[in-house]
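*Asks:* Heads up: the protein sequence lines correspond to chains A and W, in order.
Numbering-wise, the first sequence is residues 1 to 151 according to full-length UniProt numbering.
Numbering-wise, the second sequence is residues 1 to 502 according to full-length UniProt numbering.
Don't read these hints as lab results, they were simulated from the structure.
These numbers were taken from a predicted model, which means no experiment stands behind them.
Honestly, I wouldn't trust all of these hints.
Simulated pairs of lysine to any residue, SDA-like, Cα-Cα distance not exceeding 20 Å [to be verified]:
#1 W:19 x A:32
#2 W:191 x W:409
#3 W:422 x W:272
#4 A:36 x W:255
#5 W:19 x A:30
#6 A:36 x W:22
#7 W:191 x W:441
#8 A:36 x W:44
For the chain W half of the interface with chain A, some residues (derived, Cβ under 8 Å), not all of them [unchecked claim]:
#9 24
#10 25
#11 28
#12 29
#13 32
#14 62
#15 128
#16 432
#17 439
#18 441
#19 442
Partial list, derived from the structure: chain A residues whose beta carbon lies under 10 Å from chain W [what the hints assert, rightly or not]:
#20 9
#21 11
#22 14
#23 20
#24 27
#25 34
#26 35
#27 85
#28 94
#29 95
#30 115
#31 118
#32 141
#33 144
Ideal Cβ placement from N, Cα and C applies to all residues, glycine included.
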Amino acid sequence: MKKVYARPAYCMNCHLCEVNCIVAHSRSRDLFRAYKRENLRGAARVIVEERLPLSVAVQCRHCDDPRCVAGCISGAMVKDPETGIVYCQEDKCVGCWTCVASCPYGAIRPGEKNGRPVPLKCDLCREADEPACVAGCPNRALVFEERRAGA
Amino acid sequence: MPTLSLMPPEFSVARDDNKCIKCLACVRQCGFDAQKYDAEDDRLYTIDANCVNCQRCVSICPAGALTIYKNPPPMRPNAHWTEGHLRNIVKQAETGGVLLTGMGNDQPFPTYFDRLLLNASQVTNPSIDPLREPMELRTYLGSRTEPVSREERKDKTKTPLVPIETPIMFSAMSYGSISHEAFESLARAAKAFGTLFNTGEGGLPADLYQYADHAVVQVASGRFGVHAGYLNAGRVIEIKIGQGAKPGIGGHLPGEKITAPVAATRMIPEGTDALSSAPHHDIYSIEDLKQLIFTLKEATRYQKPVSVKISAVHNVAAIASGIARAGADIIAIDGFRGGTGAAPTMIRDHVGIPIELAIAAVDQRLREEGIRNQVSLVAAGGFRSSADVVKAIALGADAVYIATAALIALGCHLCQKCYTGKCSWGIATQDPYRSRRLNPEIGAERLYNLLRGWSHEIKEMLGGMGINSIESLRGNRLHLQGVGLNEVELKLLGVKHAGEAM
Numbered sequence: 001m002k003k004v005y006a007r008p009a010y011c012m013n014c015h016l017c018e019v020n021c022i023v024a025h026s027r028s029r030d031l032f033r034a035y036k037r038e039n040l041r042g043a044a045r046v047i048v049e050e051r052l053p054l055s056v057a058v059q060c061r062h063c064d065d066p067r068c069v070a071g072c073i074s075g076a077m078v079k080d081p082e083t084g085i086v087y088c089q090e091d092k093c094v095g096c097w098t099c100v101a102s103c104p105y106g107a108i109r110p111g112e113k114n115g116r117p118v119p120l121k122c123d124l125c126r127e128a129d130e131p132a133c134v135a136g137c138p139n140r141a142l143v144f145e146e147r148r149a150g151a
Numbered sequence: 001m002p003t004l005s006l007m008p009p010e011f012s013v014a015r016d017d018n019k020c021i022k023c024l025a026c027v028r029q030c031g032f033d034a035q036k037y038d039a040e041d042d043r044l045y046t047i048d049a050n051c052v053n054c055q056r057c058v059s060i061c062p063a064g065a066l067t068i069y070k071n072p073p074p075m076r077p078n079a080h081w082t083e084g085h086l087r088n089i090v091k092q093a094e095t096g097g098v099l100l101t102g103m104g105n106d107q108p109f110p111t112y113f114d115r116l117l118l119n120a121s122q123v124t125n126p127s128i129d130p131l132r133e134p135m136e137l138r139t140y141l142g143s144r145t146e147p148v149s150r151e152e153r154k155d156k157t158k159t160p161l162v163p164i165e166t167p168i169m170f171s172a173m174s175y176g177s178i179s180h181e182a183f184e185s186l187a188r189a190a191k192a193f194g195t196l197f198n199t200g201e202g203g204l205p206a207d208l209y210q211y212a213d214h215a216v217v218q219v220a221s222g223r224f225g226v227h228a229g230y231l232n233a234g235r236v237i238e239i240k241i242g243q244g245a246k247p248g249i250g251g252h253l254p255g256e257k258i259t260a261p262v263a264a265t266r267m268i269p270e271g272t273d274a275l276s277s278a279p280h281h282d283i284y285s286i287e288d289l290k291q292l293i294f295t296l297k298e299a300t301r302y303q304k305p306v307s308v309k310i311s312a313v314h315n316v317a318a319i320a321s322g323i324a325r326a327g328a329d330i331i332a333i334d335g336f337r338g339g340t341g342a343a344p345t346m347i348r349d350h351v352g353i354p355i356e357l358a359i360a361a362v363d364q365r366l367r368e369e370g371i372r373n374q375v376s377l378v379a380a381g382g383f384r385s386s387a388d389v390v391k392a393i394a395l396g397a398d399a400v401y402i403a404t405a406a407l408i409a410l411g412c413h414l415c416q417k418c419y420t421g422k423c424s425w426g427i428a429t430q431d432p433y434r435s436r437r438l439n440p441e442i443g444a445e446r447l448y449n450l451l452r453g454w455s456h457e458i459k460e461m462l463g464g465m466g467i468n469s470i471e472s473l474r475g476n477r478l479h480l481q482g483v484g485l486n487e488v489e490l491k492l493l494g495v496k497h498a499g500e501a502m
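Hey, can you work out the whole structure from these sequences and the hints?
*Replies:* See the structure below:
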């Protein structure tokens, strides 16, 4: 399956992937409304890890055998058998955060939406052709492509 | 250091709080520490004194919340004591040093390109539509003395001609003065377009030898990175005598820019200043230059044309004549608008002459002496558009070098702070945090697009003149007419005034 791959050599630590992710997952899908009205700060599903001069955007790897899915006590976290995308059925989530604790990449964060707990994790922008973080990366430090296992 | 600085900030950054989303991209991207975030008060603010107007924050801000303004002059306007003079005096009063600057001469001297107009065909000879007819932009660099013959060359010391697919090459910018990413962008674009890039005086990084067939490998007075493999790998060898931005001045790359990879490429110890002296210590005459030219040709078995790069200075025509007679295949002349990573401001702004006058004078002199065919002429120094290129070729150049235009294509905003090594755009820096901001894939695409755009425009202009080959335009000054130029200028340029009968 196509996944988002980070190229740390070109990541310039601008964090615009986070901004684009927040906007893409906001109600309004508008930069100003998302930031000024929806109180979505910190709600990015991609996290830029820094150890300057290096930085790298970390997001869900959509593992073949996802521990977050295995650990989910309510069955909210699932892996789409067709697309391979791991996502959360938000109405089923009970906010136990086992997924957060079990993710070996630290790619899931606890969040909240409309008063309900929601794990903030990358869903590869399921409805779009290309994830917003990749589309908006100003330096092509993120690529969305198919790679062979082990490549 | 005086405790009180009399230097007011040159720029102010205005932030529209209605737009700012506090993503802090500006703080992370400012190379000069002008943008700050106070976490305690959740407040963004600017240290205006640090802003150099490189526009990085403005470009990166996803909300379009930033604008940079030039501050008004700190004192009452005075045509003689300009703001620039005042700032320079204050700076020197505080530092006691030589004023340094980057990029090219920014003073309001006349730009002759803007006073020359191109011809277009009408009914007597028809124009050509380059979208329908073939148009030849390929040109050949090198010495053309040998008569055309089917037999094998008799003169084994003649070097081959080098074809370039467009008369535009990337001028010398050394690895060290620019980042590996910028250097690689130039190399990739030159290869993709079929033209040449120039290594500058810093050698060729080992991982870029794959592009060496499109490299002009430079030999400067410091001899940095020069070895037999380097000379033989390049397509053309260039002896750098002078540079338009700082004629008569050597190169100096400060030790902090000599990182391990730069040191390995330059073949000098890490962290030492790379000093390229003003003269080559084995060249004090044309005869000495001839020795070096033939030493380099001998070292490369006469397979590489040798170029000699000089800056456009007084008496340039006679100097070029001597260089041609010393056996150079190409003469590159760099006008006073040529850029640099670092130069003394006074030298940059007041030494040298315009490339338009220099190239016209050299072409004319070499023609008069009957040796124009022995060398190709390459014009350099401040080419801003395809029209400048066409005008330079009509004045007598075979091709041009562009560098500032190439850097602008890569993101440079001419903030003139290259010498600080803090370039926010990742171009004139060796800091890995900054240099990674320039992805060579993107850089090469942008440079390729620039060459493509200019080449299309050159074809259109040639077509308009009724010419279908760039080589037919070379020195064809009947296609130029001057506007607002005096008789001496018209004579030097070899053009008639607009409206004058041919």
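*Asks:* Would you mind marking each hint as holding or not holding in the structure?
*Replies:* Hint by hint, here is what the structure shows:
no.: 1; hint: W:19 x A:32; result: 7 Å, holds
no.: 2; hint: W:191 x W:409; result: 17 Å, holds
no.: 3; hint: W:422 x W:272; result: 19 Å, holds
no.: 4; hint: A:36 x W:255; result: 47 Å, violated
no.: 5; hint: W:19 x A:30; result: 12 Å, holds
no.: 6; hint: A:36 x W:22; result: 10 Å, holds
no.: 7; hint: W:191 x W:441; result: 13 Å, holds
no.: 8; hint: A:36 x W:44; result: 16 Å, holds
no.: 9; hint: 24; result: 7 Å, holds
no.: 10; hint: 25; result: 5 Å, holds
no.: 11; hint: 28; result: 5 Å, holds
no.: 12; hint: 29; result: 6 Å, holds
no.: 13; hint: 32; result: 16 Å, violated
no.: 14; hint: 62; result: 5 Å, holds
no.: 15; hint: 128; result: 40 Å, violated
no.: 16; hint: 432; result: 4 Å, holds
no.: 17; hint: 439; result: 4 Å, holds
no.: 18; hint: 441; result: 6 Å, holds
no.: 19; hint: 442; result: 6 Å, holds
no.: 20; hint: 9; result: 6 Å, holds
no.: 21; hint: 11; result: 7 Å, holds
no.: 22; hint: 14; result: 5 Å, holds
no.: 23; hint: 20; result: 8 Å, holds
no.: 24; hint: 27; result: 16 Å, violated
no.: 25; hint: 34; result: 8 Å, holds
no.: 26; hint: 35; result: 4 Å, holds
no.: 27; hint: 85; result: 26 Å, violated
no.: 28; hint: 94; result: 32 Å, violated
no.: 29; hint: 95; result: 27 Å, violated
no.: 30; hint: 115; result: 24 Å, violated
no.: 31; hint: 118; result: 21 Å, violated
no.: 32; hint: 141; result: 7 Å, holds
no.: 33; hint: 144; result: 15 Å, violated
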